[in-house]
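These protein sequence lines are chains A and B, in that order.
Take the first sequence: its position 264, counting from 1, is numbered 290 in this note's numbering, and each next residue is one higher.
Take the second sequence: its position 202, counting from 1, is numbered 228 in this note's numbering, and each next residue is one higher.
Treat the hints loosely; a few may be bogus.
The list treats identical chains as interchangeable, and a pair is accepted whether it falls inside one copy or across any two copies.
Calculated cross-link-like contacts (lysine-lysine; reagent style DSS-like; alpha-carbon spacing at most 30 Å) [as the list claims (entries may be wrong)]: (1) 217 / 41; (2) 274 / 286; (3) 31 / 274; (4) 139 / 41; (5) 31 / 217; (6) 217 / 139; (7) 177 / 31; (8) 343 / 217; (9) 286 / 41; (10) 217 / 177; (11) 343 / 177; (12) 29 / 274; (13) 343 / 286.
Hints were generated in silico from the structure; no laboratory data involved.
Number of protein chains: 2
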Amino acid sequence: MTKVKDIGEQGLLAKLQSFCPPEIIGDDAAVLETAPGASLVVTTDVLVDGVHFSDATTSPEDAGWRAAAANLSDLAAMGASPLGITVGLGLPGDLNVSWVERLYQGMTECLQKYNTPIVGGDVVRSPTATISITAFGQVEPQRIIRRSAAKVGMAIVVTGVHGASHMGLQLLLHPQLGHNLSPAEKTAFIKAHQRPQPRLDVLPILWEIFTPHSQLPVAGMDSSDGLADAVLQICRASNVGAVIDRQKILFPPTFTNWLKPEQAIEYTLYGGEDFELVLCLPPTQANTLVQQLSQGAAIIGTITSDSQVLLRDQNEKIPDQVLSLSQGFQHFS
Amino acid sequence: MTKVKDIGEQGLLAKLQSFCPPEIIGDDAAVLETAPGASLVVTTDVLVDGVHFSDATTSPEDAGWRAAAANLSDLAAMGASPLGITVGLGLPGDLNVSWVERLYQGMTECLQKYNTPIVGGDVVRSPTATISITAFGQVEPQRIIRRSAAKVGMAIVVTGVHGASHMGLQLLLHPQLGHNLSPAEKTAFIKAHQRPQPRLDVLPILWEIFTPHSQLPVAGMDSSDGLADAVLQICRASNVGAVIDRQKILFPPTFTNWLKPEQAIEYTLYGGEDFELVLCLPPTQANTLVQQLSQGAAIIGTITSDSQVLLRDQNEKIPDQVLSLSQGFQHFS
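So that you can see chain A by itself, here it is in the shape it has in the complex:
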């Protein structure tokens, strides 16, 4: 009999999609038509003790913040404003009540920044501490941001710097690594990992740039699984390719203090969990967007009619590299 471990969680998820309507799945979140002029956006995440969080690297407050932020980021990636979340907990009887209260403290600290209430939940006993979050948002149908809407010639925008979260995780796991970083630099990387910011603030800027448009000409997703993964997923869903300009890939300046250039770009492309948005839009509006966003936002490349995503050195010193999903950080390997 085939076991779950034989096909992996992603393989199983692919099999289970045959039980879902095909038009609804395949993006950061599901979109459902409710009232005319309003779409409901829903996303869900399950987090397991020892797999997705651990007292070794994550306080309960940070586990709570990260869980809330990841779900809000999925809503932002669809262009949706949050309505609320539900929280289901499976908890061992021996767990301290204060751990659970600290988890909720962290969740609500993140949620309050975005006026998002916890609207319900369930608590049951389980041998394994498990946090299951479902987030709801709403969006006008013409403002939905889909992965599949990228068009040849669109500019690829990142809303901020990538790689800092992965660096923060490395510093938490191997504190000796940070010997040539200042305490403030270390703290900044660790905070990027522990308290990521969902980019819901980008949405009103986008809406204003495209005010006269009936349909937002924007494709995108969040970079929770890495910048390379986001570009590749968008290209796959849109049936296009991309060229990423190696010189435009920004990483934190201190990266080069202790990472070789190839390592720095690997952290940046494949590190994951930065929860920025990767958006494709017409070049003029892409420029306007980058100008209005804070430091770290940049146009990093262009959508092409190619079938591949290429990392290109405009100085032609390094040959083109083909980016692939299998190099990326795999959540479930």
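Got chain A sorted already, so can you dock chain B onto it with the hints?
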């Protein structure tokens, strides 16, 4: 340090409610205002292997059906029509893939009866098989059914017979108990336990009865935790009491073949998991509703200005009994 087991899952849930907006919680599901004229209803359940389901008594198909039915029943209890569900799974690597497919088969069999899609999900590895379901539905605000809307003089209606699910569970756990039941009777009880039917069919009947009303004068909840629990919860939320007529409490006729009368009434009041609706509404409309529902629906009592829920023998042979929550079937004891 206080542990989860010291205060119990219900005690913890009460503590965590301080993190939620008070106006949203305290019913079978949360209600959120979305578009004008439409409210979003959200409910979530976590089910854990060995606690809420077990291969000993439940096939994966039945576990899936029951999980879907319980969530749809929570929507029905709020008067809401289902829009979709999300399913989050935590799964051990050694679990057979076919177990998961059979679980989904059971879920979709139940959901398809009510045109409800699975719109998303997450699959992660976990040492403990865990199923987390969030269901969402919509309802016109004036049709929301709340626990807190019961008024003195309203009739208490049950939409069907209670106790059959508990009998089915007993027969699964102790097959020797069923020696004086026919195979067909046994099968019917077991099916009541394994394939409960959420009473979404009751809603259009209610809407038609109350067509001219702007606000549905109906209070209610589902009887997932037992008939007595439902009446007590409604009375507590509405700050009223009730008299239940002992002669009106229906139970399956074969109950008396092998249960003493007091046991039969205990199964009926406290058995749980029948997933019927317990509704309070004005007597005239209550009569109309019962006539339009199938066999087993009945008016079982009246809402009073008392602070207690009394079980009364109209023949005055048995003294009044005060019903209490603590006698009920406790999910988390």
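So, going through the hints one by one against the coordinates:
{"no.": "1", "hint": "217 / 41", "result": "between (37 Å within a copy, 29 Å between copies)"}
{"no.": "2", "hint": "274 / 286", "result": "within (17 Å within a copy, 80 Å between copies)"}
{"no.": "3", "hint": "31 / 274", "result": "neither (39 Å within a copy, 54 Å between copies)"}
{"no.": "4", "hint": "139 / 41", "result": "between (37 Å within a copy, 22 Å between copies)"}
{"no.": "5", "hint": "31 / 217", "result": "neither (33 Å within a copy, 33 Å between copies)"}
{"no.": "6", "hint": "217 / 139", "result": "within (16 Å within a copy, 48 Å between copies)"}
{"no.": "7", "hint": "177 / 31", "result": "neither (37 Å within a copy, 55 Å between copies)"}
{"no.": "8", "hint": "343 / 217", "result": "neither (35 Å within a copy, 71 Å between copies)"}
{"no.": "9", "hint": "286 / 41", "result": "neither (40 Å within a copy, 50 Å between copies)"}
{"no.": "10", "hint": "217 / 177", "result": "neither (35 Å within a copy, 53 Å between copies)"}
{"no.": "11", "hint": "343 / 177", "result": "within (29 Å within a copy, 80 Å between copies)"}
{"no.": "12", "hint": "29 / 274", "result": "neither (43 Å within a copy, 51 Å between copies)"}
{"no.": "13", "hint": "343 / 286", "result": "within (17 Å within a copy, 89 Å between copies)"}
Checked against the numbered hints listed earlier, the structure breaks hints 3, 5, 7, 8, 9, 10, 12; every other hint is satisfied.
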